[in-house]
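Trainee: Sequence:
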Amino acid sequence: MQLQQASPNGLDYQEQEALKEFYPIAQLIAIAIEIQMVSVLFLFVHKKLALFLAMLSGFMTLPLGFVYIIGFLFSYNNFRFDGFPLFKLVNKKQLSPYLHFRQERFYIIAVILGVAAIIQLSAEVSMGYIGYEAPMGKVLASAAIVSAFNGIRLAFRPVLGIYGNQLVITPSAFSKTYQVGCEQVIMKEKGKNIISFVIQTNSLKEVVNINRNLIEIVDAYAGVDEIKKRLTKPEAIE
Numbered sequence: 000m001q002l003q004q005a006s007p008n009g010l011d012y013q014e015q016e017a018l019k020e021f022y023p024i025a026q027l028i029a030i031a032i033e034i035q036m037v038s039v040l041f042l043f044v045h046k047k048l049a050l051f052l053a054m055l056s057g058f059m060t061l062p063l064g065f066v067y068i069i070g071f072l073f074s075y076n077n078f079r080f081d082g083f084p085l086f087k088l089v090n091k092k093q094l095s096p097y098l099h100f101r102q103e104r105f106y107i108i109a110v111i112l113g114v115a116a117i118i119q120l121s122a123e124v125s126m127g128y129i130g131y132e133a134p135m136g137k138v139l140a141s142a143a144i145v146s147a148f149n150g151i152r153l154a155f156r157p158v159l160g161i162y163g164n165q166l167v168i169t170p171s172a173f174s175k176t177y178q179v180g181c182e183q184v185i186m187k188e189k190g191k192n193i194i195s196f197v198i199q200t201n202s203l204k205e206v207v208n209i210n211r212n213l214i215e216i217v218d219a220y221a222g223v224d225e226i227k228k229r230l231t232k233p234e235a236i237e
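Numbering-wise (numbering that gives the first Met the number 0), the sequence shown opens with residue 0 and increments by one.
Wrong hints could be hidden among the right ones.
Cross-link-like lysine-lysine pairs, in silico, DSSO-like; alpha carbons within 27 Å at most [stated by the list, open to error]:
| no. | residue 1 | residue 2 |
| --- | --- | --- |
| 1 | Lys204 | Lys87 |
| 2 | Lys227 | Lys204 |
| 3 | Lys47 | Lys204 |
Don't read these hints as lab results, they were simulated from the structure.
Using the sequences and the hints, build the whole thing.
Mentor: See the structure below:
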């Protein structure tokens with residue numbers, strides 16, 4: 000019987016080779032974690048740079064990095080809109096108009112990504128790829144799950160609405176819903192599909208772009224026109 004020769008550190012040849020293959024991955028993960036720590040710190044001083052660093056570190060460690068990217072997007076939006084009052088969703092029936100998310104859009108995207116993930120994972124397995132050698136299928140599967148989750152989370156949540164003299168707005172699929180005084184908002188239309196809101200309070204100024212495709216189809220045009228009439232400073236970009 001031939002015995003495998005062990006190295007002075009107690010590892011056989013196969014274990015040493017496995018460690019050699021894992022070492023570059025471990026280095027990459029260590030660098031990504033350091034970048035993630037910096038991105039969290041930059042949230043307090045430079046949010047856009049923090050978002051860039053978070054995306055960079057997340058893509059460096061796919062597919063696990065996808066989880067960090069999603070979590071960071073929620074944190075980023077919480078910091079970005081921290082100065083705006085939250086809208087209580089129990090009051091959504093009092094909105095007029097009330098434009099909610101187009102829920103089926105998220106499910107359609109989830110199905111497409113899910114099918115693509117199955118095809119990609121099958122191809123990767125057939126070629127013998129596993130773990131970090133085959134991240135793409137897992138990324139597609141993760142994206143499908145996130146899209147389905149957003150479809151559930153955002154069901155009947157207002158994208159836009161008017162509550163008394165307040166504009167109610169959900170700036171992103173990864174954000175909470177806020178309300179601001181109509182007199183603090185300038186509405187601009189950028190072409191057919193993008194509605195831009197310049198929101199300025201005493202302590203904060205933000206530009207929020209809303210895609211009409213995210214709004215339930217039956218409400219998309221008539222409701223937006225009604226909101227435009229209710230705002231005190233409507234403008235249009237030609």
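Trainee: Please go over all the hints and tell whether each is borne out by the structure.
Mentor: Results of checking the hints against the structure:
no.	hint	result
1	Lys204 with Lys87	holds (22 Å)
2	Lys227 with Lys204	holds (19 Å)
3	Lys47 with Lys204	holds (14 Å)
In this structure, every one of the numbered hints holds.
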